[in-house]
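Engineer: Take the sequences, apply the hints, and build the full model.
These protein sequence lines map, in sequence, to chains P and R. Quick note on numbering: my numbering labels position 75 of the first sequence as 75, and the sequence is numbered without any gaps. Quick note on numbering: my numbering labels position 41 of the second sequence as 41, and the sequence is numbered without any gaps.
No wet-lab data here; the hints were simulated from the structure. A couple of the hints might just be wrong.
Unchecked claim - In silico lysine-lysine, BS3-like type, Cα no more than 25 Å apart, as pairs:
(1) P/78 - P/16
(2) P/71 - R/97
(3) P/62 - P/15
(4) P/62 - P/16
(5) R/97 - P/62
(6) P/78 - P/62
(7) P/78 - R/97
(8) R/77 - R/60
(9) R/97 - R/68
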Amino acid sequence: EAGVVQSPRYKIIEKKQPVAFWCNPISGHNTLYWYRQNLGQGPELLIRYENEEAVDDSQLPKDRFSAERLKGVDSTLKIQPAELGDSAVYLCASSPQVRREPYEQYFGPGTRLTVT
Amino acid sequence: GNSVTQMEGPVTLSEEAFLTINCTYTATGYPSLFWYVQYPGEGLQLLLKATKADDKGSNKGFEATYRKETTSFHLEKGSVQVSDSAVYFCALTFYNKLIFGAGTRLAVHP
Numbered sequence: 001e002a003g004v005v006q007s008p009r010y011k012i013i014e015k016k017q018p019v020a021f022w023c024n025p026i027s028g029h030n031t032l033y034w035y036r037q038n039l040g041q042g043p044e045l046l047i048r049y050e051n052e053e054a055v056d057d058s059q060l061p062k063d064r065f066s067a068e069r070l071k072g073v074d075s076t077l078k079i080q081p082a083e084l085g086d087s088a089v090y091l092c093a094s095s096p097q098v099r100r101e102p103y104e105q106y107f108g109p110g111t112r113l114t115v116t
Numbered sequence: 001g002n003s004v005t006q007m008e009g010p011v012t013l014s015e016e017a018f019l020t021i022n023c024t025y026t027a028t029g030y031p032s033l034f035w036y037v038q039y040p041g042e043g044l045q046l047l048l049k050a051t052k053a054d055d056k057g058s059n060k061g062f063e064a065t066y067r068k069e070t071t072s073f074h075l076e077k078g079s080v081q082v083s084d085s086a087v088y089f090c091a092l093t094f095y096n097k098l099i100f101g102a103g104t105r106l107a108v109h110p
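Structural biologist: Shown next, in the form of structure tokens:
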């Protein structure tokens, strides 16, 4: 079974430039998550999707970050414009649609973003 | 609020040594508790979990027991291998949200 796929794996951009990350979850997983992991820290949730619907985006900085999951499968996370403080690893995860905890999230390898 | 605190790393051990990585949590209600592992260049993988007090999660020789009275979920392994070198994250779930600790880097040398 293929795991969560993310691209690109690495991205270096100058500040004020836009950047986009792509995620393909495990087939059949309805729930998709985007996390940001700063250096030396644990991942922090940015947004959670149930199918096409963003059900928790309370931690997404909406002035510069946006995300979409148009057909309930792949998802794109965008930053425009990027700032130096956005340098981090952006992780995508997916899980089967569940109504009760606990559940397991399957993580992709992440995209390491460096803003110069 | 809800949070997870882990012991700071790096933890450096010789092969076959005993491992303990401390994890304590603060939570309202009764969360489920997890240990995730991140090997170099790979994504996070679930290592083990426990859903209620006194449950013991185990996998690949690692164990952790959900201790409600001490709000702890310490990770242990009796004999580590070089291949266990990785970053270990303790986490809890709160309203469908995973909250992670900062991670503890483990380095095992031959």
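Engineer: All hints are to be evaluated individually against the structure, with a verdict given for each.
Structural biologist: To see whether the hints hold, each was checked on the structure:
1. P/78 - P/16: holds, 13 Å
2. P/71 - R/97: The given pair, whose Cα atoms are some 23 Å apart, holds under the 25 Å limit.
3. P/62 - P/15: Judged against 25 Å, a Cα distance of about 17 Å means the pair holds.
4. P/62 - P/16: holds, 16 Å
5. R/97 - P/62: holds, 19 Å
6. P/78 - P/62: Given pair residue 78 of chain P, residue 62 of chain P holds - Cα atoms ~10 Å apart, limit 25 Å.
7. P/78 - R/97: With a Cα-Cα distance of about 22 Å, the restraint between residue 78 of chain P and residue 97 of chain R holds, given a limit of 25 Å.
8. R/77 - R/60: holds, 9 Å
9. R/97 - R/68: Judged against 25 Å, a Cα distance of about 20 Å means the pair holds.
Against the hints set out earlier in the document, no violation occurs for any number.
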